[in-house]
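Novice: Can you build the whole structure from these sequences, using the hints too?
Taken in sequence, the protein lines are chains A and U. Residue 0 is where the first sequence starts when you use numbering that gives the first Met the number 0, and the numbers rise one by one after that. Residue 0 is where the second sequence starts when you use numbering that gives the first Met the number 0, and the numbers rise one by one after that.
You may find that some hints are simply not true.
Unchecked claim - Result set (SDA-like, lysine to any residue): computed pairs, CA atoms no more than 20 Å apart in a straight line:
1) U:Lys93 to A:Lys130
2) U:Lys93 to A:Gly191
3) U:Lys159 to A:Gln11
4) U:Lys46 to U:Met0
5) A:Lys242 to U:Leu76
6) U:Lys305 to U:Val437
7) A:Lys242 to U:Pro279
8) A:Lys130 to U:Asp263
9) U:Lys46 to A:Thr244
10) U:Lys93 to A:Trp245
Quick caveat, the hints were computed from the structure, so don't treat them as lab data.
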Amino acid sequence: MEKVEIDAKDMQYTPLNETIREAVRNGAKEIILDNVIGQRFIADGLKGDVTIRINGVAGGDLGMFMNGPTCIVNGNCDHAPGNTMDGGTIVIHGSAGDAAAHSMRGGKLFVKNNIGYRGGIHMKQYEEERKPVLVVGGSSHAFLGEYMAGGLILVLGIGQEDPAKDRGIGSGIHGGMIVIRGEVKDELLGVGARKAEFGEKELEMITPYVEEFCKYFDTEPSGLLDMNYTCIVPASARPFAGKYTWE
Amino acid sequence: MSLGSVPLKYKITIDREQCMHCMRCIDNCSYGVYHKEDDRIIIDSRKCTACHHCISMCPRDAISLQERPVDYRSHPLWTAEAREDIINQARTGKIILAGMGNAKPYPVIFDRLVLDACQVTNPSIDPLREPMELRTYLGKKPSKLEIDKKDNGDVELLTKLTPNLKLETPIMIGHMSYGAISLNAQLSLAKAVEKTGTFMGTGEGGLHEAIYPYQKNMIVQVASGRFGVDINYLERGAAIEIKIGQGAKPGIGGHLPGEKVCQDVSCTRMIPLGSDAISPAPHHDIYSIEDLAQLVRSLKEATEWKKPVFVKIAAVHNAAAIAAGIARSSADAVVIDGFRGGSGATPKVFRDNVGIPIEAAVASVDQKLKDQGIRNKISVIASGGIRNSADIAKSIALGADAVYIGTGALIAMGCRVCGQCYRGMCPWGIATQRPDLVERLDPEAESEHVANLIRSWTLELSELMGAAGINSIESLRSNRSRLRGYMLDEGTLDVLQVKPVGA
Numbered sequence: 000m001e002k003v004e005i006d007a008k009d010m011q012y013t014p015l016n017e018t019i020r021e022a023v024r025n026g027a028k029e030i031i032l033d034n035v036i037g038q039r040f041i042a043d044g045l046k047g048d049v050t051i052r053i054n055g056v057a058g059g060d061l062g063m064f065m066n067g068p069t070c071i072v073n074g075n076c077d078h079a080p081g082n083t084m085d086g087g088t089i090v091i092h093g094s095a096g097d098a099a100a101h102s103m104r105g106g107k108l109f110v111k112n113n114i115g116y117r118g119g120i121h122m123k124q125y126e127e128e129r130k131p132v133l134v135v136g137g138s139s140h141a142f143l144g145e146y147m148a149g150g151l152i153l154v155l156g157i158g159q160e161d162p163a164k165d166r167g168i169g170s171g172i173h174g175g176m177i178v179i180r181g182e183v184k185d186e187l188l189g190v191g192a193r194k195a196e197f198g199e200k201e202l203e204m205i206t207p208y209v210e211e212f213c214k215y216f217d218t219e220p221s222g223l224l225d226m227n228y229t230c231i232v233p234a235s236a237r238p239f240a241g242k243y244t245w246e
Numbered sequence: 000m001s002l003g004s005v006p007l008k009y010k011i012t013i014d015r016e017q018c019m020h021c022m023r024c025i026d027n028c029s030y031g032v033y034h035k036e037d038d039r040i041i042i043d044s045r046k047c048t049a050c051h052h053c054i055s056m057c058p059r060d061a062i063s064l065q066e067r068p069v070d071y072r073s074h075p076l077w078t079a080e081a082r083e084d085i086i087n088q089a090r091t092g093k094i095i096l097a098g099m100g101n102a103k104p105y106p107v108i109f110d111r112l113v114l115d116a117c118q119v120t121n122p123s124i125d126p127l128r129e130p131m132e133l134r135t136y137l138g139k140k141p142s143k144l145e146i147d148k149k150d151n152g153d154v155e156l157l158t159k160l161t162p163n164l165k166l167e168t169p170i171m172i173g174h175m176s177y178g179a180i181s182l183n184a185q186l187s188l189a190k191a192v193e194k195t196g197t198f199m200g201t202g203e204g205g206l207h208e209a210i211y212p213y214q215k216n217m218i219v220q221v222a223s224g225r226f227g228v229d230i231n232y233l234e235r236g237a238a239i240e241i242k243i244g245q246g247a248k249p250g251i252g253g254h255l256p257g258e259k260v261c262q263d264v265s266c267t268r269m270i271p272l273g274s275d276a277i278s279p280a281p282h283h284d285i286y287s288i289e290d291l292a293q294l295v296r297s298l299k300e301a302t303e304w305k306k307p308v309f310v311k312i313a314a315v316h317n318a319a320a321i322a323a324g325i326a327r328s329s330a331d332a333v334v335i336d337g338f339r340g341g342s343g344a345t346p347k348v349f350r351d352n353v354g355i356p357i358e359a360a361v362a363s364v365d366q367k368l369k370d371q372g373i374r375n376k377i378s379v380i381a382s383g384g385i386r387n388s389a390d391i392a393k394s395i396a397l398g399a400d401a402v403y404i405g406t407g408a409l410i411a412m413g414c415r416v417c418g419q420c421y422r423g424m425c426p427w428g429i430a431t432q433r434p435d436l437v438e439r440l441d442p443e444a445e446s447e448h449v450a451n452l453i454r455s456w457t458l459e460l461s462e463l464m465g466a467a468g469i470n471s472i473e474s475l476r477s478n479r480s481r482l483r484g485y486m487l488d489e490g491t492l493d494v495l496q497v498k499p500v501g502a
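Specialist: So, in C-alpha cells, the structure goes:
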C-alpha cells in the first residue's frame, strides 16, 4: 500500500487522524487528503516516513509533536503549524497564522507567503542533529523569534517592501539566528537581540534552505543568494543572568 | 559611603571540648562555612544557611546553631527582614530570588479546621479489622452508566469510560524537575511512588533515561518552555500535565539559570549546554480558555486519547471560574497549587505575597463545579503546603480527589527547608547538579524514607476516616459536614462552606 486517498469532507479531526495512522501502519508512503476544511491537529504526534498531501486549508497545530513525516499543504494554514515539532518537513503553499513553528525543536517548516504574529517563538535546538528551521517566503509580524533558544528563522520577503515591519524581533532570544532579507530598523529589535554581520559564512549556511524553498515553490534561487540580508542573534546566552540577587 | 554588612542570620559554634578534629564539618559544608588553619577549624558563620548538614554529620554533636544572634532595634513594622531586603536591593538594584514556599506568617486555615469523629449515634469503623478503601481514580466519571442486560442475565457496559489514573493512595508527589532537583533525588521519588502504587510529576525538565523504568508511575509535564517534550516523552507518561501556573509564583514563568544546565540536563531538556532555560508566563499558543482546550485536545490527539491530561493552575481568586473552564476543555483533572507551594527559585515578592490559600481555592473550585453540575467531569488535585495526613484529610473533605506533596517528600530525603535551592549547592544532594553533592544522596535509602512517609500518612488517613465512620475515601471527598471551623471568620467559613465549631 504505497498511496492512499482520504476524503476529509465532514470528517472530525480524531477519525481523520485515526485513518491517517492506520494507513501509515499499513505501510502507506503517500497519503492524499482531499476536502480539508480547517481540521485541527492533522498529523499530530505522527511518526514515520510518509508524505501527506493536504488539499484545502489545514487547521491549527498542523504537525504538532510530529516526528518524521512530510506534510504538503496546497492552501493556507491556520495557527501554529509545526508546534513543538520534532522532525520532518511541512510545506505550506500559502500563508500561515500566528505562532508558526512555536517551540519547534527539529525539522523544517516552509511557508510560501506570509506568517502571523509570534513566528518561531521559543524555537530551540539540541546540538546539530536537532536544529529546527523556519523559512518564510513573504513577511512576518511582531515577536518573531521571541525567546528563541536555537535553530534558524529565515524571512525572504519575496514581493514585500518590508518583510519584518513589526516590533519585538527576537525579544529574549538566547540562542539560534534570525535572518531577514533587506534592512531591519534597529527599533524593531526586541530586548536581548542584536544585529550581527551577514557574511559569506552566513550565506553559505542559508543557501541550502533557500534552494530547498525554491525547489518546493518552483522559484529561482539566484536572485536570493546575495548579501542583502540582516542577521539577528542573541546578545547573550544568559539574558536574565543579571536580573536577580539572593535572598 | 558603604551600607555596611547586615547582622548574621545564623551563628555556628563548635564545642571545642567535644570536637575531635575529624574535619567532617569542612567536608560536608558546600557553602564554605568551615576551613582549616593550622590544626584549628575556623568558622565563617556569615556563610551559614542553616541546612544542618554539618550538625547531622558531626560524630560528637559538637556543633550548635543559633538563629540571628544580633538584632536590630525592635520595631513592629520595620522588621529585620524588611530592613535587610531594602539594604540588599539598595546595594544591587535587583529582584530578590528565593526558594521553598511562602515564608510569611499568614494564618494557616488547615490549623483552624478540625475533623469530626463518631461517638454513639453512628459507629466509628476500626481500620485494624475493617477494609478501608483508599484507592483513588483520577479522571472523568460518566454522569450515568448505560448497560445492556442480556437474556442470560449477563450485563454489558455500553458507556465508554475515559482513561483514569489508578492510585493506591490519594497521595502523589508533585512536579519537581530534573534541573531544579538532582537525578538521584528524582530517582528516589520514582522508586518511592512505584513502591507505594502512586504517581509523581516529572516537572518541566523532561524525562531522563534513568527514570524510564518508572515511567508507568510518571506524570509528564508540558510547560510553556516545552522542555524535553517530544512525542516519545508524551507516550512514556502515564498522564500528561499542562502547567499553566504554580503556587509559589502565580502569573510568572520558570527560569532555570544556565549554571544548572549541565550536560545531562541540557540533553534531557533538549537545549544548549549552559544556556538559561526560560519558561515564560504564558504558553504562546494559549491566549484564552478555548486555546487551552486546544492544547489539551492536541495532547490527547497526539497520544490517541489514551492518557488523562491534567491542567495545573496556581490558586488565585478566580480559580473556581478557571477550573470550570478547564473542566469543559476535555481535561481530566485540575491541579490547584496553593500559595504555600514550594519552588526551586522564585522572586521573593511573589513567593510571599501572591496567590491564595489552597484550602479556600479547593473549596471554591469544588463548589463551583458542583453548582454547574460538572463535578464528575474532572478530578481536583490539591497541592501547596500539605504538611501531614490531617492536611490531606482536610483537603479531601474540602473537595479534593487527591493531593500532591512536594516539600514534605524532600524533607523525607533530608531537606531542612533552608530555602537556598536556587543556589544549586544543596549539601543534601537534592537541589543541586554538582556531582560530589548529588552522590551524597542514596536513591535506594531515600526512596524507602519517602515511601515510608506515604505509607504512614496513608495509615493515618485510614484511621481518621474510620473515626469519622467512613470506609471509603470517596465518601470523605467534599464531605464538609465532617469539618468545623475554629476561630475562622464568617467570610472564610462561607467560602469554605464549613460550619463553625459547636454548630
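Novice: Would you mind marking each hint as holding or not holding in the structure?
Specialist: Against the structure, the hints:
{"no.": "1", "hint": "U:Lys93 to A:Lys130", "in the structure": "violated (34 Å)"}
{"no.": "2", "hint": "U:Lys93 to A:Gly191", "in the structure": "holds (18 Å)"}
{"no.": "3", "hint": "U:Lys159 to A:Gln11", "in the structure": "holds (19 Å)"}
{"no.": "4", "hint": "U:Lys46 to U:Met0", "in the structure": "violated (24 Å)"}
{"no.": "5", "hint": "A:Lys242 to U:Leu76", "in the structure": "violated (28 Å)"}
{"no.": "6", "hint": "U:Lys305 to U:Val437", "in the structure": "violated (36 Å)"}
{"no.": "7", "hint": "A:Lys242 to U:Pro279", "in the structure": "holds (15 Å)"}
{"no.": "8", "hint": "A:Lys130 to U:Asp263", "in the structure": "holds (18 Å)"}
{"no.": "9", "hint": "U:Lys46 to A:Thr244", "in the structure": "holds (16 Å)"}
{"no.": "10", "hint": "U:Lys93 to A:Trp245", "in the structure": "holds (9 Å)"}
Hint compliance for this structure: hints 1, 4, 5 and 6 are not met, and every other hint is.
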